[in-house]
Amino acid sequence: MRRKTPEINAGSMADISFLLLIFFLVTTTMDTDSGISRRLPPPPDPTAAPPDVKERNVFNVLVNKNDRLMVDGRVGDIRTLKLETKEFLSNPNNDPNLPEKREEIIPGIGPFQISKGIISLKNDRGTSYDMYIQVQNELTAAVNELRDELSKQKFGKKFSELTDNKSIEAIQKAIPVSISEAEPEDIGGGK
Amino acid sequence: MARFRKEGSSKELPSISTGSMPDIIFMILFFFMVTTTMREVTLKVRVTPPEATEVQKLEKKSLVSFIYIGPPTQSKLYGTESRIQLNDSYRTVNDIAEFVYAEREQRNEADRQLLTTSLKVDKEVRMGVVTDVKQELRQVGAFKINYSTRKKVVAEN
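Read top to bottom, the protein sequences are chains A and B. Numbers 626 to 816, taken from the numbering used here, label the letters of the first sequence in order. Numbers 125 to 281, taken from the numbering used here, label the letters of the second sequence in order.
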């Protein structure tokens, strides 16, 4: 071939890629979806009797329509909720007013005192979603901190840093997320 | 001390080569192409999620279906009462069962158990609506839910 093929002008390459870049810049939404995960209980069986739970094993958290808290019969505060929950779930001094424990051998940890405590969360229809999430967040934080402590003690790192499934399951079994949401009913007359 | 060189002095600064400009731009372009997630629905409700510290990332985007609850964006047309948005339109609580079945139908049979429902709810919404939605989800067996929240930045003290 004698004739040379004419070269394609690549000068506008930068402009074209700029154009594409700006398009993607505009359409990008950088939101990574994150949130608090929960598992809903199956619908209640109307014939089944309510489970028999001892008073000391239940931690009542109520939120009314004005976003005020009642924790175990007293006026509560969102700032102290985490501490109170932690104390309830761990019961370090085996207080007879705090929940019972049952001993179980967990693979990877050995014998461990699993708390029988249940957190009962109840909200009004008029409660704001923001407040509800704050409460859920504090309860989750309490569980997470307990898990972190146990994990550090047994495996030397935080629960969120654990990688093998066996130890993750062991910790999850030792400290379960026992948050029960009451069947909804109107308590404050809110909308 | 260094002195500024006078203009027109003997040595001229070599001009910076712009030849690698397209490459750099392409690199940024690819970054944005990879990180981009195109919005699938146009939001008709205003959702400002509440903030929380104990958030988990949602794994497997393809196994998540979204329910949006919040005040309508066009408040002049639709008022300020909280509405539920499924896919592209306002719906009521009664439509949620159908929505969940439709979402399940789109997935593999093996993945249906792993389907998570993400509740994107505005923080001003009252819990009544959310409770109704949750009850409905329980009825149809969509037990895995996720309250969508933003990560709160906490100052270390």
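Derived by calculation from the structure, the hints in this document are not laboratory data. Backbone N, C-alpha and C fix where the C-beta goes; we use that ideal spot for every residue, glycine too. Please note that the accuracy of each hint is not assured.
As the list claims (entries may be wrong) - The following label-pair restraints were derived from C-beta to C-beta distances: (1) 678/A - 262/B: 34 to 40 Å; (2) 216/B - 774/A: 44 to 50 Å; (3) 789/A - 275/B: 41 to 47 Å; (4) 712/A - 230/B: 44 to 50 Å; (5) 211/B - 802/A: 56 to 62 Å; (6) 702/A - 275/B: 22 to 28 Å; (7) 264/B - 729/A: 31 to 37 Å; (8) 636/A - 221/B: 55 to 61 Å; (9) 232/B - 785/A: 39 to 45 Å; (10) 275/B - 712/A: 22 to 28 Å; (11) 797/A - 200/B: 26 to 32 Å; (12) 636/A - 248/B: 30 to 36 Å.
So, going through the hints one by one against the coordinates:
1. Our hint of 34 to 40 Å for residue 678/A and residue 262/B is violated, since their Cβ atoms are close to 21 Å apart.
2. The hinted window of 44 to 50 Å between residue 216/B and residue 774/A holds, with their beta carbons roughly 45 Å apart.
3. At about 26 Å, the beta-carbon gap between residue 789/A and residue 275/B misses the expected band of 41 to 47 Å.
4. For the pair residue 712/A and residue 230/B, the beta carbons lie near 46 Å from each other, so the given range of 44 to 50 Å is met.
5. Checked against the given bound of 56 to 62 Å, the beta carbons of residue 211/B and residue 802/A, roughly 31 Å apart, lie outside it.
6. For the pair residue 702/A and residue 275/B, the beta carbons lie near 23 Å from each other, so the given range of 22 to 28 Å is met.
7. A hinted range of 31 to 37 Å for the beta carbons of residue 264/B and residue 729/A is consistent with their spacing of about 34 Å.
8. A beta carbon spacing of about 59 Å between residue 636/A and residue 221/B agrees with the range 55 to 61 Å that was offered as a hint.
9. Our hint of 39 to 45 Å for residue 232/B and residue 785/A is violated, since their Cβ atoms are close to 30 Å apart.
10. Checking the proposed 22 to 28 Å range against residue 275/B and residue 712/A shows it holds: the Cβ atoms sit about 27 Å from each other.
11. Judged by the Cβ atoms, the range 26 to 32 Å given for residue 797/A and residue 200/B is violated: they are separated by roughly 49 Å.
12. At about 53 Å, the beta-carbon gap between residue 636/A and residue 248/B misses the expected band of 30 to 36 Å.
The structure shown violates the earlier hints numbered 1, 3, 5, 9, 11 and 12.
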